[in-house]
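Read off the chains here:
4 protein chains.
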Amino acid sequence: MVAVLVDNNYGKTGVRLLRVKRFPDRHELDDWSVDVSACGDFEDTYTHGDNRNVLPTDSMRNRIYAMARGHGGESMEQFGLRLLRQFLDDHQQIMHLTINLSGVLWEHIEAAEKSHGTAFCRKTGERRLARVSGTREQVSIASGIEGLAVLKTSDSRFEGFLRDDYTTLEDASSRILSTEIHALWSYLNTEIDFDSCWQQARVLLLERFATHQSASLQQTLHVLGSAVLEQNDAIGEILLSLPNRHCLLIDLSPFGLENDGEIFVPTETPSGLIEARLKRG
Amino acid sequence: MVAVLVDNNYGKTGVRLLRVKRFPDRHELDDWSVDVSACGDFEDTYTHGDNRNVLPTDSMRNRIYAMARGHGGESMEQFGLRLLRQFLDDHQQIMHLTINLSGVLWEHIEAAEKSHGTAFCRKTGERRLARVSGTREQVSIASGIEGLAVLKTSDSRFEGFLRDDYTTLEDASSRILSTEIHALWSYLNTEIDFDSCWQQARVLLLERFATHQSASLQQTLHVLGSAVLEQNDAIGEILLSLPNRHCLLIDLSPFGLENDGEIFVPTETPSGLIEARLKRG
Amino acid sequence: MVAVLVDNNYGKTGVRLLRVKRFPDRHELDDWSVDVSACGDFEDTYTHGDNRNVLPTDSMRNRIYAMARGHGGESMEQFGLRLLRQFLDDHQQIMHLTINLSGVLWEHIEAAEKSHGTAFCRKTGERRLARVSGTREQVSIASGIEGLAVLKTSDSRFEGFLRDDYTTLEDASSRILSTEIHALWSYLNTEIDFDSCWQQARVLLLERFATHQSASLQQTLHVLGSAVLEQNDAIGEILLSLPNRHCLLIDLSPFGLENDGEIFVPTETPSGLIEARLKRG
Amino acid sequence: MVAVLVDNNYGKTGVRLLRVKRFPDRHELDDWSVDVSACGDFEDTYTHGDNRNVLPTDSMRNRIYAMARGHGGESMEQFGLRLLRQFLDDHQQIMHLTINLSGVLWEHIEAAEKSHGTAFCRKTGERRLARVSGTREQVSIASGIEGLAVLKTSDSRFEGFLRDDYTTLEDASSRILSTEIHALWSYLNTEIDFDSCWQQARVLLLERFATHQSASLQQTLHVLGSAVLEQNDAIGEILLSLPNRHCLLIDLSPFGLENDGEIFVPTETPSGLIEARLKRG
Numbered sequence: 001m002v003a004v005l006v007d008n009n010y011g012k013t014g015v016r017l018l019r020v021k022r023f024p025d026r027h028e029l030d031d032w033s034v035d036v037s038a039c040g041d042f043e044d045t046y047t048h049g050d051n052r053n054v055l056p057t058d059s060m061r062n063r064i065y066a067m068a069r070g071h072g073g074e075s076m077e078q079f080g081l082r083l084l085r086q087f088l089d090d091h092q093q094i095m096h097l098t099i100n101l102s103g104v105l106w107e108h109i110e111a112a113e114k115s116h117g118t119a120f121c122r123k124t125g126e127r128r129l130a131r132v133s134g135t136r137e138q139v140s141i142a143s144g145i146e147g148l149a150v151l152k153t154s155d156s157r158f159e160g161f162l163r164d165d166y167t168t169l170e171d172a173s174s175r176i177l178s179t180e181i182h183a184l185w186s187y188l189n190t191e192i193d194f195d196s197c198w199q200q201a202r203v204l205l206l207e208r209f210a211t212h213q214s215a216s217l218q219q220t221l222h223v224l225g226s227a228v229l230e231q232n233d234a235i236g237e238i239l240l241s242l243p244n245r246h247c248l249l250i251d252l253s254p255f256g257l258e259n260d261g262e263i264f265v266p267t268e269t270p271s272g273l274i275e276a277r278l279k280r281g
Numbered sequence: 001m002v003a004v005l006v007d008n009n010y011g012k013t014g015v016r017l018l019r020v021k022r023f024p025d026r027h028e029l030d031d032w033s034v035d036v037s038a039c040g041d042f043e044d045t046y047t048h049g050d051n052r053n054v055l056p057t058d059s060m061r062n063r064i065y066a067m068a069r070g071h072g073g074e075s076m077e078q079f080g081l082r083l084l085r086q087f088l089d090d091h092q093q094i095m096h097l098t099i100n101l102s103g104v105l106w107e108h109i110e111a112a113e114k115s116h117g118t119a120f121c122r123k124t125g126e127r128r129l130a131r132v133s134g135t136r137e138q139v140s141i142a143s144g145i146e147g148l149a150v151l152k153t154s155d156s157r158f159e160g161f162l163r164d165d166y167t168t169l170e171d172a173s174s175r176i177l178s179t180e181i182h183a184l185w186s187y188l189n190t191e192i193d194f195d196s197c198w199q200q201a202r203v204l205l206l207e208r209f210a211t212h213q214s215a216s217l218q219q220t221l222h223v224l225g226s227a228v229l230e231q232n233d234a235i236g237e238i239l240l241s242l243p244n245r246h247c248l249l250i251d252l253s254p255f256g257l258e259n260d261g262e263i264f265v266p267t268e269t270p271s272g273l274i275e276a277r278l279k280r281g
Numbered sequence: 001m002v003a004v005l006v007d008n009n010y011g012k013t014g015v016r017l018l019r020v021k022r023f024p025d026r027h028e029l030d031d032w033s034v035d036v037s038a039c040g041d042f043e044d045t046y047t048h049g050d051n052r053n054v055l056p057t058d059s060m061r062n063r064i065y066a067m068a069r070g071h072g073g074e075s076m077e078q079f080g081l082r083l084l085r086q087f088l089d090d091h092q093q094i095m096h097l098t099i100n101l102s103g104v105l106w107e108h109i110e111a112a113e114k115s116h117g118t119a120f121c122r123k124t125g126e127r128r129l130a131r132v133s134g135t136r137e138q139v140s141i142a143s144g145i146e147g148l149a150v151l152k153t154s155d156s157r158f159e160g161f162l163r164d165d166y167t168t169l170e171d172a173s174s175r176i177l178s179t180e181i182h183a184l185w186s187y188l189n190t191e192i193d194f195d196s197c198w199q200q201a202r203v204l205l206l207e208r209f210a211t212h213q214s215a216s217l218q219q220t221l222h223v224l225g226s227a228v229l230e231q232n233d234a235i236g237e238i239l240l241s242l243p244n245r246h247c248l249l250i251d252l253s254p255f256g257l258e259n260d261g262e263i264f265v266p267t268e269t270p271s272g273l274i275e276a277r278l279k280r281g
Numbered sequence: 001m002v003a004v005l006v007d008n009n010y011g012k013t014g015v016r017l018l019r020v021k022r023f024p025d026r027h028e029l030d031d032w033s034v035d036v037s038a039c040g041d042f043e044d045t046y047t048h049g050d051n052r053n054v055l056p057t058d059s060m061r062n063r064i065y066a067m068a069r070g071h072g073g074e075s076m077e078q079f080g081l082r083l084l085r086q087f088l089d090d091h092q093q094i095m096h097l098t099i100n101l102s103g104v105l106w107e108h109i110e111a112a113e114k115s116h117g118t119a120f121c122r123k124t125g126e127r128r129l130a131r132v133s134g135t136r137e138q139v140s141i142a143s144g145i146e147g148l149a150v151l152k153t154s155d156s157r158f159e160g161f162l163r164d165d166y167t168t169l170e171d172a173s174s175r176i177l178s179t180e181i182h183a184l185w186s187y188l189n190t191e192i193d194f195d196s197c198w199q200q201a202r203v204l205l206l207e208r209f210a211t212h213q214s215a216s217l218q219q220t221l222h223v224l225g226s227a228v229l230e231q232n233d234a235i236g237e238i239l240l241s242l243p244n245r246h247c248l249l250i251d252l253s254p255f256g257l258e259n260d261g262e263i264f265v266p267t268e269t270p271s272g273l274i275e276a277r278l279k280r281g
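Protein chains in written order, with this note's numbering: chain H, 1 to 281; chain F, 1 to 281; chain C, 1 to 281; chain Z, 1 to 281.
Excised from the complex, chain H in its bound form (with noise of 0.2 Å):
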């Protein structure tokens, strides 16, 4: 018996970058995770260690770094679509490359009533997302955000399910509906404003999922994914994976206390996770 390498990928994950944007007035911050992943002609060094395809992950670090230099104006996708083509430029061993990039968000503190210029403070906990990956032929650009917690304590119910012997939930008529949105949308084209997208995309999610009447947690999922398909043409589809983390309410009758949609207990585990794709119809 021979083994037979089927696929294979190489690369190096959490590279961690901090880029300050020094403009005349105000500073600007990216703070990125880069990881950089490559497919391509190097068997060789799996079957018989001849290393000389092999590019260390340790120049792959080096790159993201000498590259992010003075492009302090540009996108997370548009860093990783330079970055991409780069390293398909100068590679000609690499058939494919995929760039994962994660961003925390700082935002400028506020002091004596406006906006301090080179003062920051970390934003909510969501990371912002964006995925660049292809050949010399062909790319594709996704974009994203992860870790966006939203809850609401009204307007979701869950009623008329299906029973089986192991079902004892009963039908809700109101209840807390606590998720954290994962979502990752991919682009028709790569010729995007991309940061003015995500924003209009985040602060859309967000809207969505107040204001609409949700009978389930993938009716919502349903509602927040069209809805980004509907407001950006450009967008051809849209992932999305929401877990429902539960708050159940606490039986407080041993007490001899009424507990009217007061007081929960949430938890982590176990959770529900619904997920879908959505696209362009």
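Don't read these hints as lab results, they were simulated from the structure. Hints are supplied without guarantee of correctness; some may be wrong.
[Claimed, not checked] Each pair of labels, with its calculated beta carbon distance range: (1) H:Lys114 - F:Glu43: 58 to 68 Å; (2) F:Gln86 - H:Pro24: 55 to 65 Å; (3) C:Glu137 - F:Glu110: 44 to 54 Å; (4) H:Thr269 - Z:Glu230: 34 to 44 Å; (5) C:Glu268 - H:Asp41: 39 to 49 Å; (6) C:Thr211 - Z:Leu188: 39 to 49 Å; (7) F:Ser174 - C:Ser174: 38 to 48 Å; (8) F:Ser174 - Z:Arg85: 34 to 44 Å.
[To be verified] Below, a list of computed lysine to aspartate or glutamate pairs in the EDC-like style, where the Cα atoms sit at most 20 Å apart: (9) Z:Lys279 - F:Asp41; (10) C:Lys114 - Z:Glu207; (11) H:Lys21 - F:Glu258; (12) C:Lys21 - C:Asp195; (13) H:Lys123 - F:Glu207; (14) C:Lys123 - C:Glu180; (15) Z:Lys21 - Z:Asp195; (16) Z:Lys123 - C:Glu170; (17) Z:Lys123 - C:Glu180; (18) C:Lys279 - H:Asp44; (19) F:Lys21 - F:Asp193; (20) F:Lys279 - Z:Glu110; (21) Z:Lys123 - Z:Glu110; (22) C:Lys21 - Z:Asp260; (23) C:Lys123 - Z:Glu107; (24) C:Lys123 - C:Glu107; (25) C:Lys114 - Z:Asp155; (26) Z:Lys123 - C:Glu107.
[As the list claims (entries may be wrong)] Here are a few chain C residues that face chain Z, going by a calculated C-beta distance under 7 Å: (27) Asp44; (28) Phe161; (29) Leu252; (30) Leu257; (31) Pro266.
Bear in mind that the values here come from a model prediction, so they are computed numbers and not experimental data. Where a beta carbon is used, it is the ideal one built from N, C-alpha and C, also for glycine.
Got chain H sorted already, so can you dock chains F, C and Z onto it with the hints?
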């Protein structure tokens, strides 16, 4: 030889509590984690397995939930104080109690340019802290904040320090200063508007971090702590714990590039750690 | 524009389960976390909030607990298979199901030089994995391991690699090789003694990691994967994912000291990442 | 008002250190994380930004690495003691120093039925702890363990406890007892074979946990602590901190099933927490 029990405490940690306060026009959330720890007459369970004085920690948790009901107007500190007093009233075997509360902050989602009444988004990664501890005779209350990540790209230097045989660091006339503020301040009395005090302290910590000229993180700590003491006469003492999250300038000269304060690696470990306690003079 | 639902799945994640198997002379433990994810006829809940086909994830959890009872002799894989088949028997709306199991390993405590029958200590940090997925017609079973941290201080080199403009790494004729083995192998049939196969694979992965001469982590991966395929005819394919946890030799020359392979900084990020899939040829 | 600096300390945390000890027939590893914290004459940097007494934490880190070299035979405690003494010798401005060490344990991989000399697998998830602290006049040394997860399925009960209005827990004549041992014991002198003391204490903690009849986790704590004090005359005091990781029996009666101590949910939060300090009588 007989082992002597020097001191002991027991309790419940990580009691998760979500309280929905349903006002006519909007809802508000308390999202807390509560720890209770009791000292008292418990030696017999240690030495003889005699549990007659041991209130189960399960009962402590139940009490937390039951007491949370119907008191939506109160602050973390007030809840802790009420809980402490009721515990001590009901349980003579408890001599001293400590209650630690840690809160996640949610804000109303903006939808159609106004704040939505019943939909929420989690705010910055920081947590609000409260600690109530004491006996039947004396109680102390502290408030605080943890995980408030801040960073400044100017007005920070570190020069003129002591050098020894292991010193390779050079004077920095300008450096990035990045930390996570962890503060705990104690009040001189219990009749306080805790929510507004906390908000004011938070705003002040951010403002002073932004505006002062830092010659060392120690000096920054002193500026922050002094400001909180000056702002509020009811605060007697403040403890600050500030990690120095080093951002290392990357040497791009091997690639023929300058790097004049643009590209950094933010590091998690190792970090500096500066801690001090300041009191009203 | 109408958004089209391309694909979707839903289920429960993180169902924690501790099963105590009470044999006459000793107890044994299963300590598992179970995820269930279903694909099927669920479009109506997404598009219209019609939940008639939606079995609550709460019922999925209940089923996991109920079905775990009374089957202490079975492996993770057998439990997953039984669960999958019963789900598909009971629920025509489900077309495809994936069940992921992850187990913590406990071993009996040694007391008075023999294994104590009912007291346990958690073993190494690794977790045992199982994945059962499929339809009414076809099922596939995979087993694996994650978080198995290994390190070798000899017999590892990295030389003769490709160099580009960003390469500063030098050839290493000897380096520390540190990784966490993450492996998932799939079986060609379902009639397997899964527990002993898993134990044999684990022993083999450790042995080969220890004994082979590594010219690259890629080659190490190939050695590990080939060995598992060679050992067990019932295994058709193996996926390995190996982070390269770099251990950096510290330059002590500023302090007048040599450092000949003695003092290193182990790093978490960034790390290399090598992934490949091998199949029986 | 002038803010008064009550007390302060500063130092470096999370200095990661891997030391390879290359013996002729085998290698051994020290894999440590080191924290250093200094108290002393540092007020001027807080109040005036005058850094003349401030040794950079970067120099502290360098010293740790430089001093680790060439001392492969020593224990964590001995390294800490040597480091403390050298710091205090070189730096008159430091009055008191605390050095905390935390070690990951590796064991040699078994290959071909014998221990391989240069390949390692990480052991159980626990960490070994050491703390050395003191002044030029007096030093104290403590050793410990954290994260040692243990669980027993028999010989544990919790009965006859105090009941109040919030008690719903029922007497348990048999329950699962699950905890993570966190222990820190201090020595009466500094001339100790720390490695073998630690090994003996670890074995004893496991043995006693396994064999004793537990009427409460408090009693278990007392049994463990007393045993360590009895075993080793050089130990003066021991602090134990034991979370009670509740394993909840699942009610399967809605599904027509009994559950006689077989299926449990292990929980992370909330947990009980039992802490006590025992000293030699």
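Compare the structure with the hints numbered earlier in the document and write down the numbers of the violated ones, lowest to highest. 5, 16, 20, 27 and 28
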